[in-house]
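Asker: Sequence:
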Amino acid sequence: MSTRLNRALAEGERHSPDPTEVLAGIRAGVRRSRRRRRFAVAGSAGAAVLVLAGGGLLVQRLPIPPVGSTPATDGVDGVDGVAAAAAAGPVQPQPCRLGFGWLPTNLATPMWTCGPGDQRVLYPMDGGPYLRVDVDHSGWQPPLSRKGWEPVVVNGRTGRMAVKNTRALVLFPLSSGRWVGLEYGVGQPGGPRTEKLGETAKRIAEGIGETVASTVRVPFAPSYLPRGQRFVSALGGTKSGLTYREGSGRVLDRKPVQGLTEDGIPTDRPTVDYGVGYSIRWGPTGSEPTGKELGERADRDVQGLPTYLVNRGMTVIVDGFHGGQLSVSLNGPERIRPTAPTAPPTGELLQIAEGIRWTG
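Counting from 1, one number per residue, gives the positions in the sequence shown under this note's numbering.
Keep in mind the hints are simulated off the structure, nothing from the lab.
Just to be clear, a hint being listed does not mean it is correct.
[To be verified] Straight line, CA to CA, 25 Å or less: simulated DSS-like cross-link-like pairs of lysine-lysine:
#1 K147 / K202
#2 K255 / K147
#3 K147 / K196
The model shown is predicted, which means the values in this text are computed figures rather than measured ones.
When you get a sec, could you build the whole thing from the sequences and use the hints?
Answerer: Rendered as structure tokens:
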């Protein structure tokens, strides 16, 4: 269960619902999988990122200067450092601008998502605690007051916190004005209570800054992308990946969409212009399902390798690509703009996969 859960937590990008809504969807998918004896990739659920929750009084807007941007890309189309041109081709190593002053022990090996449109880190479940930290790049300012949350002061700046039996959520602003969503937990919602989760989460938050902690380099590059796609972020860790999107990544409607997590935490999220986007992932053999679990065989192979369709045609998986598995997915099909295609873009995904070149 934890392997499937961690895969979903790690693979997506910033276009998802609240993470616990995602976990509930993942569990439902697992139950369906067991009944059907086939694997289904949780495409939209894969973006399990802590979305800043809101409702009530809006926070006074703070200035949001670009962090670590370069003159060639800074400020294009109103997105911090996201280039406007089509982004096919190699991606330079990306700085990971999330530094930690203190972390608890027993965390697993992290996965970093780093780029001009996304900065976050996931320490996945691996028999111990997990940690997910995400810097909001949409420019949304969540409210300080929300039922089910308590005020918390992090480095002299007011945010808020919610603590349940198995996890603590903290929302707080950095000195740059960007907001951070932090989730620290032990086990899944509904599990036994772990003491002092709130204290631990607050201590982690107090040590977080937008400093370069490491860099992520991806060993492959696309030679084809649909028109209008821009580079957003690179993924490093147990997997490598690239994410692109056509949208600005900015808030379209500040009126929040309200929800409730399965362990009772009220949430709100803004509507953000992500547009149509694509994720490209590569992992060593064993990081994805194999054999019959891969699903339906595509009507043609990619680069001479067995290719499969999963998630209702929203993801293609190329088995055996450089000793591992390559996947190409359409991001958030239920959230893309009305102008996006309604049919699964299988041909487009296959074309992207056919154009992936290994750079080592």
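Asker: All hints, please: hold or fail.
Answerer: Outcome of the hint check:
no.: 1; hint: K147 / K202; result: 19 Å, holds
no.: 2; hint: K255 / K147; result: 17 Å, holds
no.: 3; hint: K147 / K196; result: 21 Å, holds
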